[in-house]
Amino acid sequence: AQTVTQSQPEMSVQEAETVTLSCTYDTSESNYYLFWYKQPPSRQMILVIRQEAYKQQNATENRFSVNFQKAAKSFSLKISDSQLGDTAMYFCAFGLGSSGTYKYIFGTGTRLKVLA
Amino acid sequence: DTAVSQTPKYLVTQMGNDKSIKCEQNLGHDTMYWYKQDSKKFLKIMFSYNNKELIINETVPNRFSPKSPDKAHLNLHINSLELGDSAVYFCASSPPVGWQFFGPGTRLTVL
Numbered sequence: 001a002q003t004v005t006q007s008q009p010e011m012s013v014q015e016a017e018t019v020t021l022s023c024t025y026d027t028s029e030s031n032y033y034l035f036w037y038k039q040p041p042s043r044q045m046i047l048v049i050r051q052e053a054y055k056q057q058n059a060t061e062n063r064f065s066v067n068f069q070k071a072a073k074s075f076s077l078k079i080s081d082s083q084l085g086d087t088a089m090y091f092c093a094f095g096l097g098s099s100g101t102y103k104y105i106f107g108t109g110t111r112l113k114v115l116a
Numbered sequence: 117d118t119a120v121s122q123t124p125k126y127l128v129t130q131m132g133n134d135k136s137i138k139c140e141q142n143l144g145h146d147t148m149y150w151y152k153q154d155s156k157k158f159l160k161i162m163f164s165y166n167n168k169e170l171i172i173n174e175t176v177p178n179r180f181s182p183k184s185p186d187k188a189h190l191n192l193h194i195n196s197l198e199l200g201d202s203a204v205y206f207c208a209s210s211p212p213v214g215w216q217f218f219g220p221g222t223r224l225t226v227l
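Same order as they appear, the protein sequences are chains A and B. 1 is the number of the first residue of the first sequence in the numbering used here; add one for each residue after it. 117 is the number of the first residue of the second sequence in the numbering used here; add one for each residue after it.
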């Protein structure tokens, strides 16, 4: 079965500090994408960062970066210089399949609170 | 311009009623999805359509019927609403391979 596990239901971090959200997944596929989505209180799902599984280099998007360990099936998200606007639910997900039949599986989410 | 739109954003109704949620995307994507997010924020896929054809149907009760009149629209019709149907429903679309674009969600409350 393909699963995504986020073992930290809730986390908090002081403003301007760094926090890492963990995610592990399970799949027997070799080609897939990994994603982190953010869901603020407005409930809009916003893509934070994505990583193609065939790329060894970790993706970076401004203050957000990932640590992708393919062999360990781990995909953690690091948020540097945390800001109050980073307060949200964060979902790890992976997508796999072929064109037109792509399927996405989401983790249960980590609620992150940035403290002033 | 809104990429993926859903109407209505809020829906309050009585048990036993039938309701529809509409979704439209202007991104030119072939694939669209419906997700249900429960009170614990768990996001579960319900359906996916590719170019108007049903691809994924994840053991959803047959009271839920998606309809795709064209590849830019994927509507969700729910018959005989139950209390357990209360949730936020998200529509999304995606290119052939890549990330999904989500709509703003529809909060359905069944009384």
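Please note that the accuracy of each hint is not assured.
Said to hold, decoys possible - Here are the simulated lysine-lysine pairs, DSS-like style, with alpha carbons at most 25 Å apart: (1) B:160 with A:103; (2) B:157 with A:78; (3) A:73 with A:55.
To be verified - Output of the computed footprint for chain A on chain B, the stretches with three or more beta carbons under 8 Å from beta carbons of chain A: (4) 130-137; (5) 190-197; (6) 202-213; (7) 218-226.
Unchecked claim - Every beta carbon over 12 Å from chain A, so not counted as near; a handful from chain B, in silico: (8) 120; (9) 124; (10) 147; (11) 156; (12) 176; (13) 177; (14) 179; (15) 185.
Hints are computed from structural coordinates only; laboratory data are not their basis. Positions of the beta carbon are idealized from the N, C-alpha and C atoms, including for glycine.
Here is what the structure says about each hint:
1. B:160 with A:103: Measuring from Cα to Cα gives roughly 11 Å; hence the hint holds.
2. B:157 with A:78: 22 Å, holds
3. A:73 with A:55: 14 Å, holds
4. 130-137: violated (count 0)
5. 190-197: Violated - the region 190-197 of chain B has 0 residues with a Cβ nearer than 8 Å to chain A, which falls short of three.
6. 202-213: With 6 residues closer than 8 Å to chain A, the region 202-213 of chain B meets the three-residue bar; holds.
7. 218-226: Our answer is that it holds, as 4 residues pass the Cβ test (under 8 Å) against chain A, meeting three.
8. 120: 10 Å, violated
9. 124: 14 Å, holds
10. 147: Not fine: 6 Å to the nearest Cβ puts residue 147 (chain B) too close to chain A.
11. 156: 8 Å, violated
12. 176: It holds; residue 176 (chain B) is separated from chain A by about 15 Å at its closest Cβ, greater than 12 Å.
13. 177: 20 Å, holds
14. 179: For residue 179 (chain B), whose nearest Cβ neighbour in chain A is about 23 Å away, the distance exceeds 12 Å, so it holds.
15. 185: 18 Å, holds
Hints 4, 5, 8, 10, 11 from the earlier list are contradicted by this structure; the remaining hints agree with it.
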